[in-house]
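Colleague: Here the protein sequences line up with chains A and B, keeping their order.
Letter 103 of the first sequence, counting from 1, is numbered 103 in the numbering used here, and no numbers are missing.
If you count the second sequence from 1, you need to add 263 to reach the numbering used here.
Derived from the structure by calculation, the hints contain no laboratory data.
On a predicted model such as this, the values are computed, not experimentally measured, just so you know.
Possibly wrong hints are sitting among the right ones.
What the hints assert, rightly or not - The calculated DSS-like cross-link candidates involving lysine-lysine, where the alpha carbons are at most 25 Å apart (straight line), are:
| hint | chain 1 | residue 1 | chain 2 | residue 2 |
| --- | --- | --- | --- | --- |
| 1 | B | K539 | A | K109 |
| 2 | A | K65 | B | K539 |
| 3 | A | K109 | B | K426 |
| 4 | B | K442 | A | K109 |
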Amino acid sequence: MQEGMQENCVLRGENIYKTYDRDSSITEALKNVSFYLQKGEILGIAGESGSGKSTLLRTVCGLEKADTGKIFAGGEELPAGDARYAGRYMQMIFQDAYASFDPGRTMRKSLTEFMAPEKSSPGGGSNERILSLLYETGLTADLLDRHPAALSGGQCQRMSIARALLTGADILLCDEITSALDVSTQARVAELLLRLKRQKGISILLVSHDLALISQLCDRVMIMKDGAVLEEGNTREVLERPRSQYTNELLAAARELELPEVK
Amino acid sequence: MKPSVKDRIKRQKLKIVISSAAALLLVLAALAAPLLVPNDPYRTGSDLIRKAPGGAFPFGTDNLGRCVFSRVLVGARTTIGVTFLLVALSFLIGTAAGMLCGYYGSVLDELLMRIADIMLAFPQMVVAIAVAGILGGGIAGAMAALGITMWTGFARLARSHTKSIKALPYVQAAVLGGKSGAYILAHHILPNILAPMVTYALTQIGTTMIGISGLSFLGLGVVPPQAEWGSMISEQRAYIQIAPWAVLFPALAAVLTILVFNYLGDAVMDYRALSKNR
Numbered sequence: 001m002q003e004g005m006q007e008n009c010v011l012r013g014e015n016i017y018k019t020y021d022r023d024s025s026i027t028e029a030l031k032n033v034s035f036y037l038q039k040g041e042i043l044g045i046a047g048e049s050g051s052g053k054s055t056l057l058r059t060v061c062g063l064e065k066a067d068t069g070k071i072f073a074g075g076e077e078l079p080a081g082d083a084r085y086a087g088r089y090m091q092m093i094f095q096d097a098y099a100s101f102d103p104g105r106t107m108r109k110s111l112t113e114f115m116a117p118e119k120s121s122p123g124g125g126s127n128e129r130i131l132s133l134l135y136e137t138g139l140t141a142d143l144l145d146r147h148p149a150a151l152s153g154g155q156c157q158r159m160s161i162a163r164a165l166l167t168g169a170d171i172l173l174c175d176e177i178t179s180a181l182d183v184s185t186q187a188r189v190a191e192l193l194l195r196l197k198r199q200k201g202i203s204i205l206l207v208s209h210d211l212a213l214i215s216q217l218c219d220r221v222m223i224m225k226d227g228a229v230l231e232e233g234n235t236r237e238v239l240e241r242p243r244s245q246y247t248n249e250l251l252a253a254a255r256e257l258e259l260p261e262v263k
Numbered sequence: 264m265k266p267s268v269k270d271r272i273k274r275q276k277l278k279i280v281i282s283s284a285a286a287l288l289l290v291l292a293a294l295a296a297p298l299l300v301p302n303d304p305y306r307t308g309s310d311l312i313r314k315a316p317g318g319a320f321p322f323g324t325d326n327l328g329r330c331v332f333s334r335v336l337v338g339a340r341t342t343i344g345v346t347f348l349l350v351a352l353s354f355l356i357g358t359a360a361g362m363l364c365g366y367y368g369s370v371l372d373e374l375l376m377r378i379a380d381i382m383l384a385f386p387q388m389v390v391a392i393a394v395a396g397i398l399g400g401g402i403a404g405a406m407a408a409l410g411i412t413m414w415t416g417f418a419r420l421a422r423s424h425t426k427s428i429k430a431l432p433y434v435q436a437a438v439l440g441g442k443s444g445a446y447i448l449a450h451h452i453l454p455n456i457l458a459p460m461v462t463y464a465l466t467q468i469g470t471t472m473i474g475i476s477g478l479s480f481l482g483l484g485v486v487p488p489q490a491e492w493g494s495m496i497s498e499q500r501a502y503i504q505i506a507p508w509a510v511l512f513p514a515l516a517a518v519l520t521i522l523v524f525n526y527l528g529d530a531v532m533d534y535r536a537l538s539k540n541r
């Protein structure tokens with residue numbers, strides 16, 4: 001890491017190894033992965049399915065326990081595999097927005113539950129905070145009395161972003177959050193992420209297989225394959241002058257799908 | 264033409280309404296039995312032995328001159344009451360154990376599920392007879408005998424539902440939101456597994472009733488002279504040729520009640536399956 005980045009760094013992973021023991025065969029999901037995320041930065045993680053990018057997110061926030069390696073956030077080392085603890089610093093946004101909410105609850109109930117106690121002031125303060133976050137995420141208050149099934153995919157995904165911000169966490173881990181949405185909704189959720197980054201200084205780890213989205217949103221990008229980081233750097237540099245053959249192949253595949261050109 | 268899903272759901276709803284009305288009626292009759300009985304169900308009389316149905320004794324009298332109708336009514340209280348209590352206890356214990364196993368996993372899960380496997384390896388009635396034999400009969404013994412295998416069904420179902428809900432993003436989001444395991448079990452998992460658990464409980468009522476009456480029939484459950492359908496059948500079966508009513512009416516009551524509760528359980532299960540696939 002370069003000098004000067006240290007104090008700006010909000011999240012850091014060092015030499016993370018993670019293996020799965022399934023059916024007596026061992027899969028190496030993450031091989032010596034290190035990364036850092038600076039304040040107000042969006043770091044993209046790209047790669048094909050099974051490259052370990054989602055596992056990396058889940059390990060970082062403690063939903064999975066790393067075999068070895070360290071994760072630092074807010075200047076302290078996080079206990080491995082403790083999502084409750086990691087949740088103080090970061091929240092995860094899942095691919096399936098509908099499944100991110102308890103189907104039997106209204107949005108109001110789901111959101112209130114996530115209110116960080118110290119952030120809710122007595123006497124309706126919590127409600128104000130929810131309303132202001134809804135406004136920031138482009139939602140309206142009438143949606144609060146609906147159940148998740150009565151929202152659109154885009155609304156539901158915005159709700160989960162609003163809920164994540166309610167906890168007071170300023171790092172978001174986004175796992176393919178736009179892939180289940182239609183194209184115009186995708187664009188609006190992408191805009192929302194950019195706005196959160198610019199206006200609130202939210203830092204984001206963005207996992208996606210969509211290189212166009214990554215080129216549009218991310219300051220830096222990390223290309224992963226088979227659980228290892230192949231290359232990492234400024235998004236424009238990596239996508240315009242890829243050093244690894246694999247990145248070239250990914251870009252070629254993306255071009256074949258006629259995705260928009262790199263910014 | 265195949266009926267549409269909407270029509271089928273409507274039909275299932277009707278089935279649920281009818282069978283739950285019948286079930287309610289049976290439960291009310293059982294509860295109100297002491298008020299409804301025309302005669303003292305325990306009063307014997309040498310002049311009333313094996314009287315055919317009619318007059319003051321709608322179902323006739325048994326070998327000791329007791330009113331069969333009154334005994335069937337009071338027996339409903341025993342059979343239905345004991346069944347409900349047993350299903351409720353198994354539900355509570357099994358669901359709690361299954362949820363803990365499914366959520367926390369590890370050693371506790373291994374231990375409890377292996378015990379459940381062992382219980383399931385033997386036919387329920389065989390285990391029940393063995394246990395009731397060891398405990399020496401009585402209603403508490405019969406309940407323990409059936410309960411020892413019954414909770415495992417609830418535990419397995421609760422465990423598998425809990426495991427699949429635990430893997431859902433909303434539970435993981437709750438963990439990241441700082442919620443404790445106990446909170447998540449109570450607020451997110453229990454409300455979402457309650458419907459399948461209650462449905463399963465409904466389907467267990469009929470089986471449990473057969474179990475209770477079966478053990479009583481074998482003399483391992485309710486002890487005579489207390490009225491219970493199984494023990495009534497057992498007591499009077501020697502006279503089936505001369506006084507068939509003393510056996511037939513309690514048997515009919517048992518069959519009818521088991522049918523009603525099985526029908527209710529099936530209707531609710533089908534309704535849930537249909538509305539889930541809608």
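Colleague: Next step is simple, just say for each hint if it's right about the structure.
Modeller: To see whether the hints hold, each was checked on the structure:
For the proposed pair B:K539 and A:K109, the alpha carbon gap of about 24 Å is at most 25 Å, so the pair holds. With a CA separation close to 35 Å, the supplied pair A:K65 and B:K539 exceeds the 25 Å bound. Between A:K109 and B:K426, the direct Cα distance comes to roughly 23 Å. Compliance with the 25 Å bound is thereby established for this hinted pair. Taking the CA atoms of B:K442 and A:K109, the gap is about 14 Å. The hint holds against a cut of 25 Å.
When held up to the earlier numbered hints, the structure conflicts with hint 2 and nothing else.
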